[in-house]
Structure formats: C-alpha cells, structure tokens
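If you read the sequences in order, they're chains E and A.
Quick note on numbering: the working numbering labels position 244 of the first sequence as 244, and the sequence is numbered without any gaps.
To convert, count from 1 in the second sequence and add 361; that's the working numbering.
Since the hints were derived computationally from the structure, they do not count as laboratory data.
Remember, predicted model here, so these are calculated numbers, not experimental data.
Incorrect hints may appear among the rest.
[What the hints assert, rightly or not] Derived pair list, reagent style DMTMM-like, types lysine to aspartate or glutamate, alpha-carbon separation capped at 20 angstroms:
no.	chain 1	residue 1	chain 2	residue 2
1	E	Lys334	A	Asp458
2	A	Lys695	E	Asp97
3	A	Lys695	A	Asp714
4	E	Lys334	E	Asp353
5	E	Lys94	A	Glu681
6	A	Lys455	E	Glu320
7	A	Lys695	A	Glu681
There are 2 protein chains.
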Amino acid sequence: MPIKHQLDVALGERSYPIYIGRDLLGQTQLIRQHIHGSSALVVSNTTVAPLYLARIQQSLASCEIRHDELILEDGEQYKTLAATESIIDLLLRKRHDRRSTIIALGGGVVGDVAGFAASIYQRGVNFIQVPTTLLSQVDSSVGGKTGVNHPLGKNMIGAFYQPQCVIADIGSFDTLPARELAAGLAEVIKYGLIYDADFFGWLEQHIDGLLAGDSELLAQAVLISCQIKARVVEQDERESGLRAILNLGHTFGHAIEAVMGYGNWLHGEAVAAGMMMAIDLSIRHGWIDEQLRARSSALLQRAALPTAPPVEMTPQQFLEAMAIDKKNVGGRIKLVLLRELGSACITDEYDHDKLLQTLAA
Amino acid sequence: MPIKHQLDVALGERSYPIYIGRDLLGQTQLIRQHIHGSSALVVSNTTVAPLYLARIQQSLASCEIRHDELILEDGEQYKTLAATESIIDLLLRKRHDRRSTIIALGGGVVGDVAGFAASIYQRGVNFIQVPTTLLSQVDSSVGGKTGVNHPLGKNMIGAFYQPQCVIADIGSFDTLPARELAAGLAEVIKYGLIYDADFFGWLEQHIDGLLAGDSELLAQAVLISCQIKARVVEQDERESGLRAILNLGHTFGHAIEAVMGYGNWLHGEAVAAGMMMAIDLSIRHGWIDEQLRARSSALLQRAALPTAPPVEMTPQQFLEAMAIDKKNVGGRIKLVLLRELGSACITDEYDHDKLLQTLAA
C-alpha cells in the first residue's frame with residue numbers, strides 16, 4: 001500500500017495535501033517535494049525517535065538536505081513554552097535560516113510544539129507534519145492549530161499555522177500501544193457524532209477490525225476523519241463559530257485532564273468521558289434520546305474507553321477548570337452539545353441547573 | 362488638530378486604519394470603536410506610562426471596558442520572550458478571554474512585545490497600537506511585524522500580526538527626548554531614499570521644522586512615511602521579496618546594535634550609520650554617485666545623527682553579526698542597496714571585496 005489516499009485541505013494560499021498510507025516514511029520524494037530550502041530540523045520525542053527517526057534522516061540525507069534533530073521528552077507535561085524555546089535555540093545555534101523546514105515526527109504534542117516553533121521562528125518557517133499516532137493523524141493533521149500549555153490552562157499560547165503537507169503513515173500504528181490507538185478512536189467516533197451519522201454506523205460495524213490494526217480500515221477511518229475536519233475548518237479556519245463543534249467533549253475532557261494531571265488520563269480517554277457528559281446534558285435538554293446514549297456508550301466501551309469521568313472529581317472542580325476554557329466569552333461557559341446524531345452546536349444557551357445535574361451524575 | 366489624517370492599510374481581511382493627529386489619546390470614541398469585547402489590557406513601559414496611561418485608562422473607563430495594566434521596563438534589552446510571558450501570565454490570571462484587546466502604549470519595543478503576545482495568546486486576540494515615538498509611528502505602525510529578540514539575534518522570534526487600528530498621536534512627541542525624535546527621523550529619511558525622491562527633497566527643506574517639533578510638518582512626515590511603507594507592505598505582506606527594501610541600513614545597523622549592546626546606540630542611530638554604509642557600497646558598485654552621499658550625509662548630520670559606524674567595530678565583528686540576519690539564505694548575506702535616489706533593491710549579487718572595503722572604510 002503506497003499512497004492510499006490524498007486529501008487536499010483547501011485554505012486558499014495556505015492549502016496543503018495530506019497523504020495517507022502505509023510505509024510513506026520511506027518515500028523520499030514525498031517529503032523532498034515539500035522542502036523548499038536546503039536545511040531541515042526534525043523534532044521528535046524519546047519514544048518515537050528510536051522507532052522512526054532513522055527513516056526520515058535517511059530520506060533527508062539521500063536528497064542532500066542538511067538536517068539536525070531535537071528529541072523532546074515524551075508527554076503532555078512537556079508541551080511548554082520552554083520546549084518551544086529549546087527548538088528555537090537549536091535553530092539559531094545551527095544557523096537555520098528562514099527557508100529551513102521543521103519536520104514534526106511524533107504525536108500531537110510534538111506536532112503542536114514544533115508547529116508553534118515553526119510559526120514564530122523568524123516570524124514563520126516551513127513546517128511538515130509526520131503524525132505517528134492515530135489521534136494526531138485525525139486531529140492535528142487538519143486545521144493548523146499549534147501551541148503549548150500554560151500552568152493556568154491548556155493550549156493558551158499558540159498560533160494558527162498551516163503545514164506544507166502532512167504525511168500520515170498508517171504503518172506507525174504497528175508500534176502504537178493499544179491504549180493510544182483506542183484513545184485516537186475516541187476522536188474518530190467524535191467525527192461521527194458531530195457530523196456524519198453514516199460514518200458513526202460504519203464505525204459500529206468495523207470497530208473490532210480497527211482495534212485489531214486492519215490497515216485498510218484504519219486508512220479509511222483516518223481519511224474520513226480528516227475529510228470531516230477539513231470540511232469544518234475550511235468554513236471557519238480561525239474558529240469564529242462552526243469550528244468549535246470539533247470540541248465535542250473537550251471542555252469536560254480538558255477539565256478532567258487538568259484536574260487529574262496531564263498525562264494520567266490520555267486526551268482521547270478524557271474526551272470519551274467528556275462526550276458522554278455532553279450527550280447526558282443534551283438528553284437533559286430533550287435534544288437527543290437515550291438510544292444515542294446507549295449506542296455511543298456501547299461503541300466507546302468496545303474500544304475500552306471510559307464513558308464517565310473519574311468518580312473523585314467534584315462538580316466544583318469541573319466548573320473551576322471549565323471557567324478558563326478559550327471558548328468562553330464574557331464569563332459564560334460555552335459547550336458543544338448534540339442536536340441529533342451527526343449534528344452538533346456550540347452554545348451557552350443551556351440550562352445551568354441541568355449542567356450541574358450532569359456534573360453531579 | 363483632531364484627526365488630521367486617516368490612512369487605510371489595505372491587506373484584505375486584515376486591513377486597518379492609522380489615525381494621525383494631535384491629542385488623539387483623549388478621543389474615547391476612536392479607541393472604543395476598535396474594541397470588540399468587554400475587556401482590555403494596556404501594556405506600556407516605565408517611561409511612557411506616567412505620561413499617558415491615565416488618558417487611556419480614562420477613555421476605557423468612560424466606555425465601561427474592564428481594563429488591566431502591565432508596565433514593562435523601558436529598553437530594547439527587555440524585548441524578550443520573558444516579557445511576552447509576563448503579559449500572558451497577567452492575561453490568564455485576570456481571566457481575559459479571547460475577545461479581549463491588548464493595547465500597546467509606547468515605542469517600538471512595547472508594540473513589538475505586546476503585539477507578539479496578542480498574536481499568540483489563545484492563538485490571537487485583538488490588538489491596538491498607540492505608538493508614542495516618531496520611530497514607532499513610522500515603522501511599527503505599518504506591516505504587522507511583531508516579535509522579540511533572542512540572545513543570538515534580533516527579532517528572531519515573532520509573528521506577522523496586524524492590529525485593529527493604530528492611533529498615532531503627534532502630541533506624544535512633546536515629551537519625546539530630542540535624541541529619540543532624531544533617531545525616528547533616520548527612518549523617515551530612509552523612506553525618501555528607498556522610495557520617494559520628492560519626499561527626500563521635502564525633508565531637506567523641512568528638517569529644521571521637524572526637529573523643532575512643528576506638529577503640521579510632523580503629521581505630514583508620519584503620513585507620507587506610513588503611506589510609503591503601506592504601499593510596500595501591501596505588495597508583499599510576508600516579506601518574500603520587495604518588502605525587504607524597508608531594511609535599508611538595517612543589516613549593518615543591527616550588527617552595530619548587537620556588537621555595541623542593545624540600547625547604547627539607538628536603533629535609528631544605528632540605521633543612520635548603516636544607511637551611509639549601504640550608500641558607500643552602492644557607490645563602490647557605481648550604482649549611485651557621490652552627490653547622493655553628500656546629500657544624505659548632510660541631511661543626517663542636520664538631524665544630529667551618526668553617519669559612520671563606531672570606530673572600534675572591526676570588519677570581522679560586522680561579518681559575524683551580519684551572518685545571522687533573517688534575510689540571509691543559504692549562507693549569503695543579503696543587503697539592501699540603492700540603485701538611485703528613491704529606488705532600492707535587495708540583493709546578494711554584490712562584490713564581496715567591495716563589502717570588505719565598505720566595512721574597513
């Protein structure tokens with residue numbers, strides 16, 4: 001399976017292709033055609049670098065691109081401004097000019113930090129994403145959100161910055177822990193819930209094959225997920241409205257991650273529990289019925305994902321953590337809720353008492 | 362003199378107006394109409410805040426905008442990532458949401474740091490520039506360059522980020538030290554040299570009145586300078602080509618600033634000496650004649666600006682400092698040189714021996 005799918009994200013002069021397939025990392029030409037200068041910096045982490053860095057280095061060497069490497073510690077707790085600075089320090093020490101390309105090889109954290117560094121180094125250098133986890137292939141691949149966390153909130157520092165291309169190699173799932181594959185499926189299931197009832201049905205049908213690592217199914221799931229996200233982002237690149245629906249379950253989920261400590265709950269796990277909370281609140285408003293709760297819960301459970309928040313978290317902890325979400329305006333907590341399967345909305349017009357009931361449930 | 366001039370910088374959806382006149386700071390409506398949320402953060406410095414902060418606070422209070430203040434240390438040495446972080450920390454602690462507006466009240470450093478913070482806080486919040494120095498009114502007002510210095514190079518970290526509006530109050534020059542007014546005139550003279558022979562002639566005619574603080578003349582000089590910069594930036598917002606001509610004298614100038622220690626030579630002073638070096642090198646290539654050197658030197662001297670680099674700087678120091686300029690690509694130092702009065706080009710096709718002669722001269 002060489003390039004299986006190519007999806008073009010249409011954002012005017014910032015448009016770019018996503019390549020999806022197996023063993024794309026070894027295809028020198030694929031990466032070469034998107035490097036415009038003569039040098040590159042590969043940013044990876046301590047988990048991914050031993051597995052895949054050599055292939056990228058080989059590709060770069062074979063087309064005579066001068067390249068350096070920076071290996072970050074693995075984990076959400078290293079998604080910091082300090083990590084961004086370490087990238088910029090290296091770029092300057094090694095005299096990378098503004099035609100240099102930063103290549104992010106790893107999961108969402110590597111992509112977010114390296115992409116943010118690319119956006120601010122010399123006011124912006126080229127950036128290529130090589131996401132190696134399911135989560136990062138279906139999430140960070142599309143939309144250009146880059147950034148780092150602040151002690152007072154997740155993703156509070158960052159930029160919208162589009163890559164030159166995304167190389168999504170399904171083969172990198174071979175080395176992905178089962179728990180991380182499942183966490184990625186939480187985001188895949190999200191796309192069905194918010195945008196595409198048929199895709200949700202397809203996932204119900206194929207969840208076992210996906211969990212078993214079937215490449216064809218995984219490539220298909222990555223493609224559809226990226227297509228849905230692209231369709232949303234193309235309509236609202238800078239999240240002034242519609243784009244926020246991609247955050248189904250995320251306001252609750254971010255609160256779980258923040259209170260439990262980043263990294264203890266995987267992002268996808270927190271989102272899974274958060275989606276069930278959003279579904280609960282949507283049901284309390286009479287917008288969707290119990291059947292959708294049952295189907296969603298069953299699907300998430302088959303993927304071994306949590307369907308409820310940690311029992312020890314109090315409503316007060318939720319409210320405090322949710323109060324500093326970026327979506328909030330004028331002090332009201334905005335939430336993404338479901339209108340029906342395949343249709344979501346962002347709103348602050350929900351019943352606050354019902355929110356308290358959901359948090360207490 | 363209320364609003365004397367309004368200039369619209371045409372950058373598509375990122376277009377914005379520049380207001381030029383006396384006593385604009387007290388005009389509540391001017392600032393009010395460009396604030397879209399209900400809160401603002403005014404960033405200023407220890408020199409400017411005692412003079413003008415109260416007026417802005419009064420304006421914000423009178424239209425019921427919740428506002429906080431952050432006062433940075435004054436000086437180029439505080440144009441750092443740490444200063445940017447201090448702004449972001451305050452925004453988070455005071456719970457500013459992404460509809461908040463950052464208002465930069467001060468010179469270029471305040472504008473660059475606050476603008477950069479605005480560009481990365483929650484991936485971008487609104488930004489209003491209130492430049493209080495001549496240099497910042499004619500330079501940072503147009504073009505959206507924001508950023509901070511790195512120990513290894515000036516402006517190495519930053520973003521292109523356009524403000525909602527610029528309020529250029531000529532009245533703030535009343536409290537501007539004569540040396541800083543002169544340093545600002547170096548950039549004004551630059552616009553004549555690179556783009557507008559007539560404006561250069563007008564400056565020769567009116568330099569004494571400008572130095573004496575004539576408001577009508579200063580407003581006119583700010584307007585023409587911003588118009589020229591706008592015309593250049595509108596053609597090349599992200600500096601892929603033409604825009605680089607705005608850097609006449611800056612590659613040499615940045616080297617002077619870096620070697621002498623930021624803040625010892627004012628930016629405009631270093632640029633003045635740098636422009637004379639660029640003129641020297643242009644003459645050595647036979648592109649312009651000695652007469653332009655004489656006119657430029659005379660004009661800069663009337664403004665009490667330096668016309669040569671510090672005697673203690675060696676060619677080697679220049680070459681090393683110039684080697685990490687952002688304009689460089691593939692190891693070649695790019696320079697802005699003059700083809701004739703009112704016309705500049707960016708090139709690496711100059712004679713390296715002649716560059717050494719200029720550096721040694």
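Against the structure, the hints come out as follows:
no.	hint	result
1	Lys334/E - Asp458/A	12 angstroms, holds
2	Lys695/A - Asp97/E	12 angstroms, holds
3	Lys695/A - Asp714/A	15 angstroms, holds
4	Lys334/E - Asp353/E	15 angstroms, holds
5	Lys94/E - Glu681/A	14 angstroms, holds
6	Lys455/A - Glu320/E	14 angstroms, holds
7	Lys695/A - Glu681/A	14 angstroms, holds
The structure fails none of the hints (numbered hints given earlier).
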